[in-house]
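S.K.: Numbering (the numbering used here), first residue to last: 61 to 584.
Just so you know, these hints were derived from the structure itself, not from any lab. One should not assume that every hint holds.
Calculated cross-link-like contacts (lysine-lysine; reagent style PhoX-like; alpha-carbon spacing at most 25 Å) [to be verified]:
| # | residue 1 | residue 2 |
| --- | --- | --- |
| 1 | Lys163 | Lys102 |
| 2 | Lys116 | Lys163 |
| 3 | Lys573 | Lys562 |
| 4 | Lys193 | Lys163 |
| 5 | Lys116 | Lys99 |
| 6 | Lys147 | Lys79 |
| 7 | Lys147 | Lys193 |
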Amino acid sequence: MLRVEDLLRPEAYPHRPPKVELRQTHISWVFLAGELVYKVKKPVDFGFLDFTTLEKRRHFCEREVALNRRLCPEIYLGVVPVVETEKGLAFEAEGPVVDWAVKMRRMPEEGMMGRLIAEGRLRPEHIDLLVRKLVPFFREAETGPEVNRYGALETVRFNVEENFAQTRDFVGRALSRRRYAYIVSWSRRFLEEAADLFERRIREGFIRDGHGDLYSANVCYDDLREVYVFDCIEFNERFRCGDVAQDLAFMAMDLDFHGLPGLSRRFIEGYVELSGDRELYEILDFYKCYRAYVRGKIGCFTWADAGVPEGEREKALAAARRYFDLAYLYAGGRPLLLVIFGLSGTGKSALSRALSQRLLAAYYNSDVVRKELAGLSPREHRFEPFESGLYAPEMTERTYEELLRRAERELSAGRDVILDATYRSRRHREAVLALARRLGVPVLFVLCETPEEVVRERLAQRARQQGEPSDGRWEIYLAQKARFEPPEEIPSENLLRLSTLKPPEILAEEVEKYLEGSLEKDRK
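All chains should be built: construct the whole structure from the sequences, respecting the hints.
M.R.: Below is the structure:
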């Protein structure tokens, strides 16, 4: 194994930088040495790449330089040896060669596209400059029979199915079973129905030896004078070669992921305008779905790696879920709005929590939201008379408005949402229906019902529990019941009446099956 500590010494470099910084990926050590960067490949074998021998690492260093010089020749300076000297390992010195490195000119940190996005500095002019760089690149990139096979239907299908197989173990943690099944079904149907499109893309010359990893982490700007597109995939032709739409979709998806849909559209529209590839739109969402799914898969792998710090693992899982949400939207899926409602003690919250775990949905409980608005801890009880104090009508209005606001935010991001509240007023339920119509999302109201003797027992147990956010009591139940307006305004296809005598996990499974049988038709 490489003695990394040797290469953190400034004297290990011919230009003697003032200091050396180390950054790592799962496949490389990257040494930032002043104005230069030295990148050494780790001796790893992941199946899709094999850097286990010195000869292979030298070969792939040379491939990396040759391939990346297509887009930024001024950055990739060459391949240099790592040698053993009397004072330790060093770059470009005299002695036995122990490894090889890619030598690069260091790019400006402040110009990295990811940093521009994070700081809100990415402008339309940056997108236009990138488009002008990519159009001639793809036009001149290698094509022909050897490259074309990577855009063939059977290869694309293999790539897609590989993703699904590699993420099966993460279903239920990173994406719900329902969304996984939807994306799989949609992708397979697209491949079956678009066979002619894939053949036509080959005939018309759109399969190229491209980049393979075209997103914001691998783009850097020197103000608006130049744009560097670097770090293409050198270790696997199947990941690098394919329809130009695959690379373009990656960048467009990445901009969507970072909340920049306007720049995403500008990127694609600009490319189509300059290249003339108007057929790109027919295949764009398929490849955006594919690319988002790949990023979700990578996030899952990071989350499952016990060697990664816990904080980074949880961030990776959260990002994976967002990528899978995007993939679902690109596949034509629409987020679902679920309203679990009914009187106090009927099991709304237990069912809602179980459903949120099954669906990986955003979950908002009216008791928690109400107390947040009042500046209280969710666990702080306020046993007040009906419709007074914390539960006065004006506070209830604020609570239901906030539930709608949060639901709209989550639905707009592609997440399923569960609202857990009494919703005894027809007016509040109609507001939910109006939101669903405006956003074009399916909505299901689940009315929880249970015998009164069970309700009374549940409320008594709840009052003794620590940390329970609800302030419901038997007298509150009776007052709610007297004022509960029957849900006659809800269309029958959007209303499920549910007896909640069974355990919440079983009820959640029943609701999920109901969704698959009724609302899935509306999603397709």
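S.K.: Does each hint fit the structure? Answer for all of them.
M.R.: Evaluated hints:
1. Lys163 / Lys102: holds, 16 Å
2. Lys116 / Lys163: holds, 17 Å
3. Lys573 / Lys562: holds, 16 Å
4. Lys193 / Lys163: Holds, at roughly 23 Å.
5. Lys116 / Lys99: holds, 15 Å
6. Lys147 / Lys79: holds, 18 Å
7. Lys147 / Lys193: violated, 44 Å
Hint 7 alone, counting from the list given before, is not met by this structure.
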